[in-house]
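Colleague: Okay, here's what each chain looks like letter by letter:
Protein chains: 2
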Amino acid sequence: MKSGRFYVVSAPSGTGKTTVLKRLMKELPDVTFSVSYTTRPSRQDETEGVDYHFISRDEFQAMNQKGVFAEWTEVHGNYYATSRVSLERYLSQGGEIILDIDTRGVEQIQQKYPHGVYIFILPPRHADLRDRLTRRGSESQEMIDLRLQNASKEIEKMDRYDYVVVNKKIDETVEQIRSIIIAERCKRDRVLRSLGGGGER
Amino acid sequence: MKSGRFYVVSAPSGTGKTTVLKRLMKELPDVTFSVSYTTRPSRQDETEGVDYHFISRDEFQAMNQKGVFAEWTEVHGNYYATSRVSLERYLSQGGEIILDIDTRGVEQIQQKYPHGVYIFILPPRHADLRDRLTRRGSESQEMIDLRLQNASKEIEKMDRYDYVVVNKKIDETVEQIRSIIIAERCKRDRVLRSLGGGGER
Chain A
15 MKSGRFYVVS APSGTGKTTV LKRLMKELPD VTFSVSYTTR PSRQDETEGV
65 DYHFISRDEF QAMNQKGVFA EWTEVHGNYY ATSRVSLERY LSQGGEIILD
115 IDTRGVEQIQ QKYPHGVYIF ILPPRHADLR DRLTRRGSES QEMIDLRLQN
165 ASKEIEKMDR YDYVVVNKKI DETVEQIRSI IIAERCKRDR VLRSLGGGGE
215 R
Chain B
15 MKSGRFYVVS APSGTGKTTV LKRLMKELPD VTFSVSYTTR PSRQDETEGV
65 DYHFISRDEF QAMNQKGVFA EWTEVHGNYY ATSRVSLERY LSQGGEIILD
115 IDTRGVEQIQ QKYPHGVYIF ILPPRHADLR DRLTRRGSES QEMIDLRLQN
165 ASKEIEKMDR YDYVVVNKKI DETVEQIRSI IIAERCKRDR VLRSLGGGGE
215 R
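If you're matching them up, the sequences are chains A and B in order. For the first sequence, this note's numbering assigns the number 15 to the initial residue and increments by one for each residue that follows. For the second sequence, this note's numbering assigns the number 15 to the initial residue and increments by one for each residue that follows.
Among the hints, a few may not be true.
Note: identical chains are not told apart, hence a pair may lie in one copy or across any two.
The calculated DSSO-like cross-link candidates involving lysine-lysine, where the alpha carbons are at most 27 Å apart (straight line), are [unchecked claim]:
| hint | residue 1 | residue 2 |
| --- | --- | --- |
| 1 | LYS171 | LYS36 |
| 2 | LYS167 | LYS201 |
| 3 | LYS126 | LYS171 |
| 4 | LYS36 | LYS201 |
| 5 | LYS182 | LYS167 |
| 6 | LYS171 | LYS183 |
| 7 | LYS201 | LYS126 |
| 8 | LYS31 | LYS182 |
| 9 | LYS182 | LYS40 |
| 10 | LYS167 | LYS183 |
| 11 | LYS126 | LYS167 |
| 12 | LYS171 | LYS201 |
These are calculated hints, taken from the structure and not from any lab test.
Hey, can you work out the whole structure from these sequences and the hints?
Modeller: Okay, here's the thing in structure tokens:
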């Protein structure tokens, strides 16, 4: 059986993830971008079936009860979900798929589908962990503890990811994610399998 | 202490490895290319200290006895070796180094230095493992066995490598190796360490 590969891209809101993904879509015409389901209202510049599949809360509940989703999360009162059927169809066709999934959805995906590649985009304003860990001065012990705690929470989230890309310049971020995908295609077992000489080890 | 990263590139002779490495050198000006020592005579287009450090067999033996080399191999009666001192100096400076090493030298490097990234360039004429494994017809059982044996020897060699790049078109090969280096820089632990928020796990 053919076996495709999926890449999960996650990012805190305000990271510029949507812009990055749209650029990647143009540069990687042979990669499929999974279209999520959402109960949030569509914005004016969004197209049904391209940006999202827009559904009602009732539709979401009914679909979820039928086990249609590979993962789902609630963000600010709206549901977001990935279709299990279309993910599995693409994988069985041997294709490559990019999934745009919240950090909380990642755990569900990792339990059900091994061998995914997980990429975390970090906004540059978050990329000051060193500052927050080492800056000292007139601050209270509580402030220092809070900073340490917040930084370690962010790192913990990233534990589920293989790659971390700091989105300083959009061109660089797009090139880095593109490079990750090209490099993953060159992983030994993947190449040997495609040559018919070896299996996944 | 700073800790650099090294990439090992190996290839059977006639793969076009030298051309690939020269192109990479231009495209990756911030990466150092390790200059090997060799006892083979220099060719007309080769420059001492750029292509190789050319030394005599006596010099090689004396240096080897002093433990100067990180790895060495004999190929067609000539010795090739990598300087331990310069490798360790580059690594301690936090730099990135590309080493051009024979498959037999790789074992020595892996025993001494963990965390290297190993890339095997496969000539397209070798990339027909599937053919050799599945082609059947009027051939004798011995021929089939020989083919299977040769193919599995080649795969065994690749066991020590993280990535396999099939050198079909030089532009693609250069882009793939460049992508591998960019992707390795985005590995989670490496990024978190550079942000000061986490260690190698």
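Colleague: Please work out whether the CA atoms of LYS201 and LYS126 approach to 27 Å or closer within one copy, between two copies, in both situations, or in neither?
Modeller: For LYS201 and LYS126, both the intra-copy (22 Å) and inter-copy (23 Å) Cα distances are at most 27 Å.
Colleague: Within, between, both or neither: how does the pair LYS182, LYS40 come out at a Cα-Cα threshold of 27 Å?
Modeller: both (20 Å within a copy, 25 Å between copies)
Colleague: I want to check one pair: LYS171 and LYS36. Are their C-alpha atoms no more than 27 Å apart within a copy, between two copies, both, or neither?
Modeller: So LYS171 and LYS36 pass the 27 Å test inside one copy only (24 Å; across, 40 Å).
Colleague: Is it within a copy, between copies, both, or neither that the alpha carbon of LYS36 lies no farther than 27 Å from that of LYS201?
Modeller: both (26 Å within a copy, 23 Å between copies)
Colleague: Give the relationship of LYS171 and LYS183 under a CA distance limit of 27 Å: within one copy only, between copies only, both, or neither.
Modeller: This pair counts as within: shortest intra-copy Cα distance 23 Å, inter-copy 40 Å.
Colleague: From the Cα coordinates, with 27 Å as the cut-off, is the pair LYS167 and LYS183 best called within, between, both, or neither?
Modeller: within (25 Å within a copy, 45 Å between copies)
Colleague: Can you give me the call for LYS167 and LYS201, within, between, both or neither, at a CA distance of at most 27 Å?
Modeller: This pair counts as between: shortest inter-copy Cα distance 19 Å, intra-copy 31 Å.
Colleague: At 27 Å max between alpha carbons, let me know whether LYS182 reaches LYS167 within a copy, between copies, both or neither.
Modeller: The answer is within: 22 Å in one copy meets 27 Å, while 45 Å across copies does not.
Colleague: For the identical chains here, do LYS126 and LYS167 meet the 27 Å Cα criterion within one copy, between copies, both, or neither?
Modeller: within (24 Å within a copy, 35 Å between copies)
Colleague: Go through the copies and call it for LYS31 and LYS182: within, between, both or neither, with a Cα cutoff of 27 Å.
Modeller: within (12 Å within a copy, 34 Å between copies)
Colleague: What label fits LYS171 with LYS201 when the C-alpha limit is 27 Å: within, between, both, or neither?
Modeller: For LYS171 and LYS201, both the intra-copy (25 Å) and inter-copy (15 Å) Cα distances are at most 27 Å.
Colleague: Which holds for LYS126 with LYS171 at a C-alpha limit of 27 Å: within a copy, between copies, both or neither?
Modeller: within (19 Å within a copy, 33 Å between copies)
Hint compliance for this structure: every hint is met.
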